[in-house]
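Student: Go ahead and model the full structure; you've got the sequences and the hints to work with.
Protein chains in written order, with my numbering: chain R, 1 to 211; chain V, 1 to 211.
Possibly wrong hints are sitting among the right ones.
Heads up, the list lumps identical chains together, so a pair's fine if it works in one copy or across two of them.
Unchecked claim - Mimicking DSS-like on lysine-lysine, the simulated pairs with C-alpha atoms at most 30 Å apart in a straight line are:
1) Lys86 with Lys3
2) Lys147 with Lys36
3) Lys147 with Lys112
4) Lys3 with Lys194
5) Lys3 with Lys147
6) Lys23 with Lys86
7) Lys23 with Lys147
8) Lys3 with Lys23
9) Lys126 with Lys36
10) Lys112 with Lys126
11) Lys112 with Lys194
12) Lys194 with Lys86
Treat the hints as calculated values from the structure; they're not laboratory data.
There are 2 protein chains.
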Amino acid sequence: MMKLHGYFRSSASYRVRIALNLKGLTAEHLPHHLRKGEQRSPVYLALNPQGLVPTLEDDSGTALIQSLAIIEWLDETHPEPPLLPKDPLRRAQVRAFAQVLACDTHPVQNLKVLARLRELGLPEDKVTAWAGWANREGLAACEALVKHEPGPFCFGATPTLADLCLVPQLGNARRFGVDVGAFPRLLQAEAAAKALPAFAQAAPERQPDAE
Amino acid sequence: MMKLHGYFRSSASYRVRIALNLKGLTAEHLPHHLRKGEQRSPVYLALNPQGLVPTLEDDSGTALIQSLAIIEWLDETHPEPPLLPKDPLRRAQVRAFAQVLACDTHPVQNLKVLARLRELGLPEDKVTAWAGWANREGLAACEALVKHEPGPFCFGATPTLADLCLVPQLGNARRFGVDVGAFPRLLQAEAAAKALPAFAQAAPERQPDAE
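Tutor: What follows is the structure, encoded as structure tokens:
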């Protein structure tokens, strides 16, 4: 059986949990408590030299890292239902939306970066403002990318990699006090996604390690 | 003809320039001076709502954003030479390496984030230290990912998406004072890449807008 090393609140782990559920795949879930630094153990670093979650071990124990790479691998090895459109231009649009969040938004507000800001002496209100800023910028760009797309999901009638990134990011945005009402098209996609068991069961509060 | 909106020093633009060169494709290069905020003009924001470079306009004027999505589109529409292996697991490894840099490293040290740190009152030496830290963490993980890979490139005998991300990032790392001698396997891949005209001609200092 595959093993997913994750953390209930990690957005990147959350994306992979949704992908596994949509594909109907099961994996053993191995939580690593990020705030306690469990992802920094030598055993885990041998699997994932970044010391980040998620890591997916395939059936033969080979470790895959980076959520988007893991999800594309799942999509290539278990094609149904597809998480990317067939047309190259549409694939590029879905991937670009996902990368606005997975490259330019989430890593700028993750636990590691916020901890570094605190080390530099930034007070807590400014740390939260930083995280809010990163979320607002990323989500505003995403809203612009899909505002003329027919819904209900980000790109059409079925969920794609874009929705897998959007739902966890909106959760982060709310935690950092962002007014997500400014992004009505994104909220439409989120509502469609959350109505699916694959998304609902992947939610942080439904994980065994949730606090 | 395709149009590439970029900036000579932008790592993400640099990646796409290498990909175009490897594929033997030409594009009209349209520089946007990031330090002067030219990427924030309303005309450009209509193409790229993030106000970042690169943006690639295809032959019909459709705008593609996000460097990794652009490169995968180029690879899907112009398959030779391939920038990803055929085997799904190898593809996942190449993509993961690229994402360590494109998601977790570069966006944490880009112009926009460093400007924000300055706005928060961080002195210049601490801003440079921040950028150095992000580069060191990302490159150390990349070194671990490929240290047992046969070279000379990151993943074998030909360049892949991994090398397209590595070469620009090593340039950034040096600018921020990182001791790149700590990453011998990455330097081997960089040397192999820089010997190719496709990489050499994409270098920042060879661009018309270079200062």
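Student: Each hint: holds or not?
Tutor: These are the hints, each one checked on the structure:
In this assembly of identical chains, Lys86 and Lys3 lie within 30 Å of each other by CA distance both inside one copy and across copies; the values are 29 Å within and 24 Å between. Within a single copy, Lys147 and Lys36 get their C-alpha atoms only as close as 40 Å, which misses the 30 Å cut-off; across copies the closest is 29 Å, which meets it. In this homomeric assembly, Lys147 and Lys112 come within 30 Å of each other (Cα to Cα) only across copies, at 25 Å, whereas the closest approach inside a single copy is 32 Å. With identical chains, the CA atoms of Lys3 and Lys194 are at most 30 Å apart within one copy only, with a shortest distance of 24 Å there and 39 Å across copies.
Taking the shortest alpha-carbon separations for Lys3 and Lys147, only the inter-copy value of 24 Å comes in at or below 30 Å, while the best intra-copy value is 37 Å. Taking the shortest Cα distances, Lys23 and Lys86 sit within 30 Å of each other both inside one copy (17 Å) and across copies (22 Å). Taking CA atoms no more than 30 Å apart as the test, Lys23 paired with Lys147 passes inside one copy only; the shortest distance there is 27 Å, against 33 Å between copies. For the homomeric pair Lys3 and Lys23, the shortest alpha-carbon distance inside one copy (15 Å) is at most 30 Å, but the shortest distance between copies (38 Å) is not.
Proximity of Lys126 to Lys36 under the C-alpha cut-off of 30 Å is found in both arrangements, the shortest distances being 23 Å within a copy and 26 Å between copies. Taking identical chains as interchangeable, the C-alpha atoms of Lys112 and Lys126 lie at most 30 Å apart whether they share a chain (16 Å) or sit on different chains (17 Å). For the identical chains of this complex, Lys112 and Lys194 are intra-copy neighbours only, at 28 Å inside a copy versus 33 Å across copies, given an alpha-carbon limit of 30 Å. Taking CA atoms no more than 30 Å apart as the test, Lys194 paired with Lys86 passes inside one copy only; the shortest distance there is 24 Å, against 34 Å between copies.
Comparing the model with each earlier hint shows no violations; every hint is respected.
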